[in-house]
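J.: Since chain G is already given, all that's left is putting chain C on it; use the hints.
There are 2 protein chains.
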Amino acid sequence: MQISAFQQHIRDRYFETDSARGPAGTFLWFSEEVGELAQAIGERERGDGDQANLEEEFADVLAWLTTLANITGVDLEAAINRKYFENGGPAGTK
Amino acid sequence: MQISAFQQHIRDRYFETDSARGPAGTFLWFSEEVGELAQAIGERERGDGDQANLEEEFADVLAWLTTLANITGVDLEAAINRKYFENGGPAGTK
Chain G
1 MQISAFQQHI RDRYFETDSA RGPAGTFLWF SEEVGELAQA IGERERGDGD
51 QANLEEEFAD VLAWLTTLAN ITGVDLEAAI NRKYFENGGP AGTK
Chain C
101 MQISAFQQHI RDRYFETDSA RGPAGTFLWF SEEVGELAQA IGERERGDGD
151 QANLEEEFAD VLAWLTTLAN ITGVDLEAAI NRKYFENGGP AGTK
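Chains as they are written, first to last, in our numbering: chain G, 1 to 94; chain C, 101 to 194.
Check before you lean on any hint, since a few could be wrong.
As the list claims (entries may be wrong) - Simulated restraints on C-beta separations:
| hint | chain 1 | residue 1 | chain 2 | residue 2 | range |
| --- | --- | --- | --- | --- | --- |
| 1 | G | D12 | C | S104 | 16 to 26 angstroms |
| 2 | G | F15 | C | E116 | 32 to 42 angstroms |
| 3 | G | E32 | C | L128 | 36 to 46 angstroms |
| 4 | G | E86 | C | G188 | 34 to 44 angstroms |
| 5 | C | N153 | G | R46 | 30 to 40 angstroms |
| 6 | G | R46 | C | Q151 | 38 to 48 angstroms |
What the hints assert, rightly or not - Not close to chain C: a few residues of chain G, all C-beta gaps over 10 angstroms, as computed:
| hint | residue |
| --- | --- |
| 7 | Q8 |
| 8 | R11 |
| 9 | S19 |
| 10 | E36 |
| 11 | G47 |
| 12 | D48 |
| 13 | T72 |
As the list claims (entries may be wrong) - Covered stretches of chain C, going by a simulated chain G footprint (3 or more residues, C-beta under 8 angstroms):
| hint | region |
| --- | --- |
| 14 | 113-124 |
| 15 | 130-143 |
| 16 | 182-190 |
Calculated from the structure, these hints are not laboratory results. Even for Gly, the Cβ is constructed at its ideal location relative to N, Cα and C.
Bound-form chain G, shown alone (with noise of 0.2 angstroms):
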């Protein structure tokens, strides 16, 4: 799937509530769920994880970092070409 398929998704389906509740009320869901990828990675570093809800925690991240982009008017796909692949990314490790 494209990044750019999956913003237009996101922005299809959930953009007027999204625009509605804002970048500060956004951001503080997109914490949320941050959080819960925290505790999904901590699970599995002490030998405790479900790999599966690891990987839903992931999606939700994506999504919602996915959602406040489209609410703060960036194109995640474009700001990836820019900066991790014209002119060769950056040096280093990121």
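T.: What follows is chain C alone, placed relative to chain G:
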């Protein structure tokens, strides 16, 4: 760009150092990038935003999220498909 191709690019380029750093250390780096994104969104909300910088912060958060997926065995594109496309995706607001 395919989500899977971006994940492979990050893997090809950075997996060795990312893997050596491990999930906890990498989550810390990811969190720093999330903080930078929060700052860029906050500046935009206060009317003092720099859209190019905001775009770059989104790219960095997505790159570090992808790194975390690589070192915890998660296929981001499969995760997105399972959560947001199979069976029509989640009901309601995500």
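J.: Going back to the hint list, which numbers does this structure go against?
T.: 3 and 13
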